[in-house]
Amino acid sequence: MLTLLFAIGLLVFSGIAALFAGRSPLISTVIGVSGALVSCVVGLVPAIRVLSLGTVESFRTVWQVPGGSFYVELDALSALFLIPILGVSAICVLYGGQYLQVYKNENKLGWAWLWVNLLIASMVLVVVARNAILFLVAWEIMSLSSYFLVTFQYYRKGVREAGWTYLIATQLGTAFLLVLFILLGESGGSLDFDHFMFTHGSWSGISANVLFVLAIIGFGTKAGFVPFHVWLPEAHPAAPSHVSAIMSGVMIKTGIYGLLRTLTFLGSPPEWWGWLLIGIGMTSGVLGVLYAIAQHDLKRLLAYHSVENIGIITLGIGIGVLGISIQSPQMIALGFAGGLLHVINHAFFKSLLFLGAGSIIHATGTAEVDRLGGLLKRMPWTGVTFLIGAVAISGLPPLNGFISEFLIYVGAFTGAIQKTTPLAPLIGVIASLALIGGLAAACFAKAFGISFLGEARSQHAANPHEVGWIMRSSMLLLAAGCLLIVIFSPRLIGMMSSPIAVITGLPTTSLLMELQPASDWLWTILQVVSIFLGLLGILATIRYLLLRRKQVELNVTWDCGYVQPSSGRMQYTASSFAQPITDLSRLFLGTSKTFIPPQGYFPEASSFHTDTPDWYRRHIYGYLFSGLCWLSSKLRWFQHGRVHLYILYIAVTLLLLLIWNLG
Amino acid sequence: MHSRIDIIFTLIILANLLLLSSSRLGTCINVAAIQGLLLAVLTLATRTDEPLIQTSILILSTIVLKSIVFPQLLQRAIRDSETRREMRPYVGYAQSIVVGMVVLALSLWLGSKLPLPNPTISPLALPVALFTILVGLFLIVSRRKAVSQVLGYLVMENGIYVFGVTMVHESTLFVELGVLLDVFVGVFIMGIMIFHISREFDHLDVDRLSTLKD
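Here the protein sequences line up with chains G and F, keeping their order. Note that the numbering used here numbers the first sequence so that position 165 is 156, with each residue one more than the last. Note that the numbering used here numbers the second sequence so that position 138 is 165, with each residue one more than the last.
Keep in mind that the hints are not guaranteed to be accurate.
Stated by the list, open to error - Residues from chain F shown here face chain G by an in silico Cβ test under 8 Å; the list is partial:
#1 Tyr117
#2 Lys140
#3 Leu141
To be verified - Here are the simulated distance ranges between beta carbons:
#4 F/Ile124 <-> G/Trp54: 51 to 61 Å
#5 G/Arg14 <-> F/Gly213: 32 to 42 Å
#6 G/Tyr614 <-> F/Met194: 53 to 63 Å
#7 G/Arg14 <-> F/Met194: 52 to 62 Å
#8 G/Val53 <-> F/Ile34: 46 to 56 Å
#9 F/Met194 <-> G/Leu646: 14 to 24 Å
#10 F/Ala72 <-> G/Val53: 44 to 54 Å
#11 G/Leu646 <-> F/Arg51: 21 to 31 Å
#12 F/Gly213 <-> G/Val53: 33 to 43 Å
What the hints assert, rightly or not - Some chain F residues close to chain G (C-beta under 8 Å, calculated; not the full set):
#13 Leu137
#14 Leu164
#15 Ile167
#16 Val168
Keep in mind that the hints were calculated from the coordinates and are not lab data. The beta-carbon is built from N, C-alpha and C at its ideal position, and this holds for glycine as well.
Sequences are here, hints too, so could you generate the full structure?
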């Protein structure tokens, strides 16, 4: 535990040191990055120890804040979340060290490093805090430091607006958490988490339900459940890429952590909580991936994929919660294991993809898919690692996304063949998982195909350079992580049993037993897949051998009589590639099209473009906030600027309170 | 003993009513100075059981600040800015007196209701403290000139002083000196502000400040 506290301290210290060394961008970067790296490595040691042994380490001291105490504890659930928080963030910070050098003239890099290191430190504190005040303080530091990172390029108007959206969303979410913790503390008699533990009997049903809904809204805003997801597609594109990677890969998982932690306070859940979670998972997953397909900005697309993956995680948790209420140990073990493993997996491949997008921006200056093309030849490292991430996020074997989704599939099937649960919703889970997987594959066929294959579509993509070796190696590390998780998956699935034991209170050994068959199946599947991969390798070798003697040359693709055989423009665009799917799902998306069809025998200018703004942002939050604005404008007469009357308000209020209290 | 203290309280109440009814700023400042002097006498009358040195420090600083320094500062402010009278206050002088009587009744009622930890030297102490505080607030709210507002602030502080001297029994010296320091800094800053306002705008009407709102 003390090692972890030391890591937190070192993070904060190195951040401040980087700020004070801000005059020289290089020194500031070196201090910030090395401080973060050392403390992440140091912090990972206790996390891995606790996760593999299933022990609990705690530390408690007084804190001069009403209701607060500095009470931190490291159990298996916290340790599990510490792995992406420390491991993935460290790699992203390493990448950022080189990525941010472009901005060293416009920005003070010292601030960026202070906020990044504070963000990591506060995320660590969030998952180990065991006092509501400490938790909320860490939660707010996390929100604010990430806000300052989102607004890193504050001199751009769009970035400032995205920052506002994020700030408002996160503060509204915290408001719900505040109520949640006050209610919990009121019933528990203390704001320490260990007082929140209740047997089911001491909760009246309604208040537990209220607390659960508060947690769903509060933590769901951070995690990005539909319809609270609106900040993700704004904030992620605005932030620098390594920050998007940390925020999307790691930070939003603290919402999932909070939800799981709250579940441990609320006793045994009624059945509808499981169904609600499954419903949220299905809508977030399917809508997230549908919106992703319709996007043309690479980072916005990835942001919607975060919504989708949070949906998958929630599906797993929902199956686990359902398993608790119908007392099915298989569903508990498989559902939670799938969800938790997906937390780690998503952290790896999503940050890999964001770093890939960052490399593209670094090399070409744009993240618009329609301006890219043909990058694979010029940026092979970025291309291959991006491809690995794309395969992983689509849930295809043999990469890590498949493992966790497979566990959720098995959990849903196990529930479906039991007689105790209604069949249709679980089949819905399986169907929506399959739909999500298929659509994600289509989406990344578009994202990878349009940006990395074919020919350059604009001057931006014509002469890109491969990024520096630090950025390359961080992407390689993450890609290697995706592969390593697969290789160690049988052991990793076993490791999930201790966090699940923390959530559900079931013994680890029985959970391990439930996970064993799934792990065995997985092993068989991976063997088959590796045979196929071997065959593919043989085919590739044969192709290579056959072509070795032949001459391979580049030529213009369309050269049959065109005046301007520009191969860049004669390709699929992102809009046209996605058009079949966006047309099918236009009921959900509300995509607006601008289509000027070619006319006559000698058609001239014609164009096709689609635009998919977020329906929830425009139709729910747009009306909500303009309504609020209208309401508060009605109160403007109250603010007239006469100081006398302001003082009169105060005096009269105080006097009335005094009279009311005495009379 | 009792009656002597009650006489002082009555004089403080009368001073408050005079402040409410007078339109001449010079008179108001002098009344506030006399009120400060009354407070010093009150301290002397109530603090018989405490070390002489503490009481004398308190009394001396009260007299110096409340009866000499502040009045001088304010007199100079009205002399420099040539504002002799409070013209067109928000609440007229007759109405002010009526409000003052209502507030006095309210304070007496509150004083009878408020639970107090230890027996007080006089049943009038709490009502007088509340009345003075409320009169100070009322002056701030109802007057237009910046000087009157500073005066209101001073009167309000006098109320707090009455409360402290009569109610608080431990380590009064530090509490009172702390409050006095606050007021000193406050009046000092206001004095500077008044000086600057009158130099920039050649009047001291604070209601023009409302154009500063967003």
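(message) When the structure is checked against the list of hints, which entries are broken? Sort them ascending.
(response) Checked against the structure, no hint fails, so every one of them is satisfied.
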